[in-house]
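For the protein sequence lines, the chains are D and Z, in the order given. Residue numbers for the first sequence follow numbering that gives the first Met the number 0, beginning at 0 and rising by one. Residue numbers for the second sequence follow numbering that gives the first Met the number 0, beginning at 0 and rising by one.
Don't take each hint at face value.
A few chain Z positions that, by computed beta-carbon distances, are all more than 10 Å from chain D [claimed, not checked]:
#, residue
1, Lys4
2, Leu8
3, Ser11
4, Asp38
5, Glu40
6, Gly48
7, Ser49
8, Asp54
9, Gln76
10, His94
11, Met95
12, Glu124
Coverage of chain D stretches by chain Z, computed from C-beta distances (three or more under 8 Å per stretch; other residues unrestricted) [unchecked claim]:
#, segment
13, 33–47
14, 88–99
15, 110–123
16, 208–217
Think of the hints as simulated: they come from the structure by calculation, not from any bench. Owing to the predicted nature of the structure, the values given are computational and were not obtained by experimental measurement. In this text, a Cβ means the ideal position worked out from N, Cα and C, and glycines have one as well.
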Amino acid sequence: MSVFGVLFSYLIFPGFIFTAMIGLFLTWIDRKVTARIHWRVGPPWYQPYADFLKLLLKETIIPEGSSKVFFLLGPILGLVSMTILAVMLFSMNMNPGATFLGDLIVIIYLLALPPIGLMIGASASKNPLASVGVSREMTQYFAYELPFLITIAGVILKAGGSIRLGDIILAQHASGPFLYSISGVIGAVVILLSMQAKLGFVPFDIPEAEQEIMAGVYIEYSGVAFAMFRIVRAMMLFLLPLFLISLLWGGFGDWWAIPKFLLIIVLMILIKNTNPRIRIDQSLRFFWLGIGVLSVIGLVLAVYGL
Amino acid sequence: MANAKLWGLKKSPWVFHVAAASCNNCDIEILDVLTPRWDVERFGIVLVGSPRHADALLVTGVLNRKSLSRVLRVYEQTPKPCLVIGVGTCTCDNHMFTPSYNVVGPYDKHIPVDVFIPGCPPKPEAIISGVVKALARL
Chain D
0 MSVFGVLFSY LIFPGFIFTA MIGLFLTWID RKVTARIHWR VGPPWYQPYA
50 DFLKLLLKET IIPEGSSKVF FLLGPILGLV SMTILAVMLF SMNMNPGATF
100 LGDLIVIIYL LALPPIGLMI GASASKNPLA SVGVSREMTQ YFAYELPFLI
150 TIAGVILKAG GSIRLGDIIL AQHASGPFLY SISGVIGAVV ILLSMQAKLG
200 FVPFDIPEAE QEIMAGVYIE YSGVAFAMFR IVRAMMLFLL PLFLISLLWG
250 GFGDWWAIPK FLLIIVLMIL IKNTNPRIRI DQSLRFFWLG IGVLSVIGLV
300 LAVYGL
Chain Z
0 MANAKLWGLK KSPWVFHVAA ASCNNCDIEI LDVLTPRWDV ERFGIVLVGS
50 PRHADALLVT GVLNRKSLSR VLRVYEQTPK PCLVIGVGTC TCDNHMFTPS
100 YNVVGPYDKH IPVDVFIPGC PPKPEAIISG VVKALARL
């Protein structure tokens, strides 16, 4: 691939601009569906774009006494990792045979970077509410990552022990999606709830609980830095369901991916709108003792090929 | 560029609620405006928790010696450009508290206020109309 091809794939399609635009549109779908559930009209379709444009052109305040470099590094880390993830996911679904060994491990690390960037940035901001948010974000991260990884281990076992996501997609092309089995359904439930927590959607929006710790981790961010965090969130809203589809539901090489994708998004929005926020200790208990045990059962079933 | 900035600001004014020692009536009316019945998210108006995210400050209550420094601090923490909207008669002319020793006057003595919404408390319709007028002033 030429230099321009690489630049095009990272910056425009399927990299930064394409993913960000679709992600912002999905944010609008989220807000509109939420509004309809509340029996409201809801914002117009250009609302997330207007928010983004406004934040880009506003003043960016760096709080006094904070570490400037780490404060601004936080959003950039998330943005870069999500851009790379978009390119990797699209290339391995268009051409599953041509990916490198261990790309699943790289994807797991890339998915871990946005929360880490958020923790770095927020703890550099020298705000007591932000540090409360950081401690909650960290606990939450350890909570949801354990069942998430156990489920991915189950998927690796089902695909014959390969840690290439390309091989996992090819195995599903050969013998049907993993979702159509008991361990696959369990895995989908576990990953859906972990995604909910990764995105900070309502039952698990403890790090940014706006009624108790204002905006928590985001409290000191304004202007461009906050716009970047919002766009990282929007890109995750687009990429995490695609990751779930390629892991368990046969990849997104064909047009059937669109109804699958919309189904996952609507499920997440419905979970978001029908649940109250839980406390951080409840979240930890839920993920380790509830969902964690479920994911171990899924792993055992996957060992026996169910 | 200037047009894009203006369009973005007009289409998504996020408000931060500064309750500077009001009697709570105006605050309750502001909460009414944010309920599904009036649905200000149609215009992109969202209540935010931090002044760093705010484009408009909704100030309520009569300004006194205790609350002045807090209001000034919140105003300084807000990234510019930002609007200041005074809700209730207290913000316009101190209302019935004018003779009090503790009152340091209407808000526009200290910070630039874009629009005053009179009423004790103002109706939700009046608040929405005031915000629309403030946006038209931009």
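Of all the hints given earlier, name the ones this structure violates by number, lowest first.
Violated: hints 1, 2, 3, 4, 5, 6, 7, 8, 9, 14, 15.
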